[in-house]
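Novice: Quick note: the sequence shown uses the UniProt record's numbering, first residue 1, plus one each step.
No lab work stands behind these hints, which were simulated from the structure alone. Take the hints with a grain of salt, since some may be wrong.
[Said to hold, decoys possible] For lysine to any residue, the following SDA-like pairs were computed, each having C-alpha atoms within a straight-line distance of at most 25 Å:
| id | residue 1 | residue 2 |
| --- | --- | --- |
| 1 | 212 | 90 |
| 2 | 212 | 464 |
| 3 | 475 | 419 |
| 4 | 212 | 511 |
| 5 | 475 | 218 |
| 6 | 212 | 222 |
| 7 | 212 | 468 |
| 8 | 475 | 191 |
| 9 | 212 | 512 |
| 10 | 212 | 95 |
| 11 | 475 | 508 |
| 12 | 475 | 459 |
| 13 | 475 | 501 |
| 14 | 212 | 520 |
| 15 | 475 | 415 |
| 16 | 475 | 509 |
| 17 | 475 | 520 |
| 18 | 212 | 510 |
| 19 | 475 | 498 |
| 20 | 475 | 497 |
| 21 | 212 | 252 |
| 22 | 475 | 220 |
| 23 | 475 | 507 |
| 24 | 212 | 202 |
| 25 | 212 | 507 |
| 26 | 212 | 191 |
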Amino acid sequence: MTTTVADERVRLLLPVPPRAVPPTTARRQRRAIAAYAVLWLVSALPGLLGLGSGWTAAGLGLALPGGGLAYGGSPLLAVAAALAVVLSVFVWWAAGPTVLPPLVWVGSAALGGVLSGGEDDLRVLPWVVVLAVGPALVLAAVLAHRVRHARQVRASERINERLGQVEFVITGPPGLDVRVPVAEHTEADLAHLRYALDLALQPVDSFEGFTKIDQFREAATRYQCNALGYSLAMSQFTRTPAFTGYLAEAQRNAIVKLLDRRIWGYWALENAWGNLDLDRDPVDNRENIMLTGFHGLMVGMYESLNDDRFSRPGALTYRWSDDVGYSNDYGTLAASIHRNVQRSPYALFPCEPNWIYTVCNTFGMNTMLSHDRLHGTGYFAEVEDRLRTSYETEFLRPDGRIIGVRSSHLGLSWNLWSGPAIQTTTSFWMHAALPDIAQRTWWLLREQLREQDGTVTTRPGVANRLDPGNYQLGKDIYSRVVLMMAARELGDEELAARVQRSLDEGEEIAEAAGARRYAGASGMTNLYANLGRFGRHSALRDLVRYGAPDAWRQGPVLAEAAYPDVLVARAVTDGHALDLVLRPGAGPVRTVLLLDRLVPGREYDVLGAAEDLVVAAPDGTAVLEVDLSGRHEVRASPR
Numbered sequence: 001m002t003t004t005v006a007d008e009r010v011r012l013l014l015p016v017p018p019r020a021v022p023p024t025t026a027r028r029q030r031r032a033i034a035a036y037a038v039l040w041l042v043s044a045l046p047g048l049l050g051l052g053s054g055w056t057a058a059g060l061g062l063a064l065p066g067g068g069l070a071y072g073g074s075p076l077l078a079v080a081a082a083l084a085v086v087l088s089v090f091v092w093w094a095a096g097p098t099v100l101p102p103l104v105w106v107g108s109a110a111l112g113g114v115l116s117g118g119e120d121d122l123r124v125l126p127w128v129v130v131l132a133v134g135p136a137l138v139l140a141a142v143l144a145h146r147v148r149h150a151r152q153v154r155a156s157e158r159i160n161e162r163l164g165q166v167e168f169v170i171t172g173p174p175g176l177d178v179r180v181p182v183a184e185h186t187e188a189d190l191a192h193l194r195y196a197l198d199l200a201l202q203p204v205d206s207f208e209g210f211t212k213i214d215q216f217r218e219a220a221t222r223y224q225c226n227a228l229g230y231s232l233a234m235s236q237f238t239r240t241p242a243f244t245g246y247l248a249e250a251q252r253n254a255i256v257k258l259l260d261r262r263i264w265g266y267w268a269l270e271n272a273w274g275n276l277d278l279d280r281d282p283v284d285n286r287e288n289i290m291l292t293g294f295h296g297l298m299v300g301m302y303e304s305l306n307d308d309r310f311s312r313p314g315a316l317t318y319r320w321s322d323d324v325g326y327s328n329d330y331g332t333l334a335a336s337i338h339r340n341v342q343r344s345p346y347a348l349f350p351c352e353p354n355w356i357y358t359v360c361n362t363f364g365m366n367t368m369l370s371h372d373r374l375h376g377t378g379y380f381a382e383v384e385d386r387l388r389t390s391y392e393t394e395f396l397r398p399d400g401r402i403i404g405v406r407s408s409h410l411g412l413s414w415n416l417w418s419g420p421a422i423q424t425t426t427s428f429w430m431h432a433a434l435p436d437i438a439q440r441t442w443w444l445l446r447e448q449l450r451e452q453d454g455t456v457t458t459r460p461g462v463a464n465r466l467d468p469g470n471y472q473l474g475k476d477i478y479s480r481v482v483l484m485m486a487a488r489e490l491g492d493e494e495l496a497a498r499v500q501r502s503l504d505e506g507e508e509i510a511e512a513a514g515a516r517r518y519a520g521a522s523g524m525t526n527l528y529a530n531l532g533r534f535g536r537h538s539a540l541r542d543l544v545r546y547g548a549p550d551a552w553r554q555g556p557v558l559a560e561a562a563y564p565d566v567l568v569a570r571a572v573t574d575g576h577a578l579d580l581v582l583r584p585g586a587g588p589v590r591t592v593l594l595l596d597r598l599v600p601g602r603e604y605d606v607l608g609a610a611e612d613l614v615v616a617a618p619d620g621t622a623v624l625e626v627d628l629s630g631r632h633e634v635r636a637s638p639r
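Let the sequences and hints guide you as you build the complete structure.
Specialist: This is the structure we're talking about:
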């Protein structure tokens, strides 16, 4: 990388936590324990007051899931009831129904009361044992956390000794061709790009080729649309910034697909059973960063490279029916995120009801950042300090691992959701807004990578073999894809290239009509593979925080070309001339190109077309005829 004068070198140690539980989390956990203590006391009253075995068992079922059934002599049912409560918590986490765990818990307690024997005498020992289990589990969890926390603090001391010698380079605004020149798509790149283009250029209301499993978790169609938009925008930014045409149309289609009720309508159900709120509005509401943040970033990337149509009032209208629609635009999405950050005790706020995900909130930060740059707002600047503090305290283990998820109601999290995939994806998406934390996270992860089967991978485990785009366990394609994304964004090109080679040479390739994908991976994983393939050092940071250079925004562009007859491998302008590299997508062809943003009435010398000279029309356009039979260069420069 060529360092610009605006680059900055910083050191960032791991913060030393003053207590085992960070402040906001501690308040939520104390509140949860106090609520349980009240419930526990109430559950003990039937036994103390001699209200009979039915009421006693029902009370014990409130003190401990399955406790009443165990007291009544049904141990197998007791275990089943406890597992049912655990399963309900999993469903709550997966789809947001906050009401489900209390209903299952209370239901199991009522069942214990109904099935209990008719004895009126209190069986003291079973009663005491059941009552003791709940507090014992809470105490054991507290002690286990403190032991683990102390171990992680010791690890942080060793890590900080090494971090003190490490400087992270925070890249500043890139000049034209200063950091990395505009690259050229290889034939393989174009084949993978065609997979994304074919998905995006179908009719907007059609979803052929998309995975359809559920609309709540990672395989939801909206996440595939998000990845589609991000990968297409990255292709434009790093390869063809002077090409709009079908590439910009494809991005618009991906953005508009999210306005389909089949894609965003999940929120009506999630808000009802998660927040007990019947408001179906997906934006002017609390939470739902999984829509506002993810959709907003798609728009921010598009507008940074193309036009501001989605910032116009009503441009993003989420239509429920012919009569009901929720009128929004890029600005209302950014404002909603800003509003939610301001009123959240954690600063970070939930995706689905209750569950706060660190990686999801990076999309909200990126939406605010790009909107601030494009429209002069100060959303991110106003909340940056709170977000940074939260990431460094409430959502960071002492050993430097980012905590992937936390319950906003209970303050609880689990180590399972802090593995390598969380660290990798968060470091990638965080790089634009909080680059020092992103680079420190990557540095810590980089030390844990290992060689396996000729490639670099994260440590083996079930989570690393899960493809979140279809929930299938198999090869570690997804974990390698996000590793490639982060490595390339954070400047480790050698590692990124090795991972990409392992995918291209080691995975089965499916090809149809010139479009190429990894056969063993979901659609979402393939689209993120494109995002990583088309990236470069600080590409996401440059696009989100700094945007396209003025020359790209003002100079000539290739505005129309026929797809798939013309595949645009490179398109760049210095503000005056236009340079193109084209390839045929369906065999040799004579085709017509439309150039735009020329100076009206000006003469342009042309190389590589049927015309040697064109004069720009009053609207700044010109038409060229080009014969394509292989790689072909075209240049139009003003006389």
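Novice: Against each hint, give a clear statement of whether it holds in the structure.
Specialist: To see whether the hints hold, each was checked on the structure:
1. 212 / 90: Between residue 212 and residue 90 the Cα gap is close to 21 Å, so the pair holds against 25 Å.
2. 212 / 464: With a Cα-Cα distance of about 22 Å, the restraint between residue 212 and residue 464 holds, given a limit of 25 Å.
3. 475 / 419: With a Cα-Cα distance of about 17 Å, the restraint between residue 475 and residue 419 holds, given a limit of 25 Å.
4. 212 / 511: holds, 21 Å
5. 475 / 218: Measuring from Cα to Cα gives roughly 18 Å; hence the hint holds.
6. 212 / 222: Satisfied, since the Cα-Cα distance of roughly 10 Å is no more than 25 Å.
7. 212 / 468: The given pair, whose Cα atoms are some 13 Å apart, holds under the 25 Å limit.
8. 475 / 191: Holds, at roughly 23 Å.
9. 212 / 512: Between residue 212 and residue 512 the Cα gap is close to 20 Å, so the pair holds against 25 Å.
10. 212 / 95: holds, 16 Å
11. 475 / 508: holds, 11 Å
12. 475 / 459: It holds: about 13 Å lies between the C-alpha atoms, which stays within 25 Å.
13. 475 / 501: holds, 16 Å
14. 212 / 520: The given pair, whose Cα atoms are some 17 Å apart, holds under the 25 Å limit.
15. 475 / 415: holds, 23 Å
16. 475 / 509: Holds, at roughly 14 Å.
17. 475 / 520: With Cα atoms ~8 Å apart, residue 475 and residue 520 stay inside 25 Å; holds.
18. 212 / 510: Measuring from Cα to Cα gives roughly 20 Å; hence the hint holds.
19. 475 / 498: Cα-Cα ~17 Å, so holds.
20. 475 / 497: Measuring from Cα to Cα gives roughly 19 Å; hence the hint holds.
21. 212 / 252: Given that 25 Å is the threshold and the Cα spacing comes to 21 Å, the pair holds.
22. 475 / 220: holds, 21 Å
23. 475 / 507: holds, 9 Å
24. 212 / 202: holds, 17 Å
25. 212 / 507: Roughly 24 Å between the alpha carbons, so the hint for residue 212 and residue 507 holds.
26. 212 / 191: holds, 24 Å
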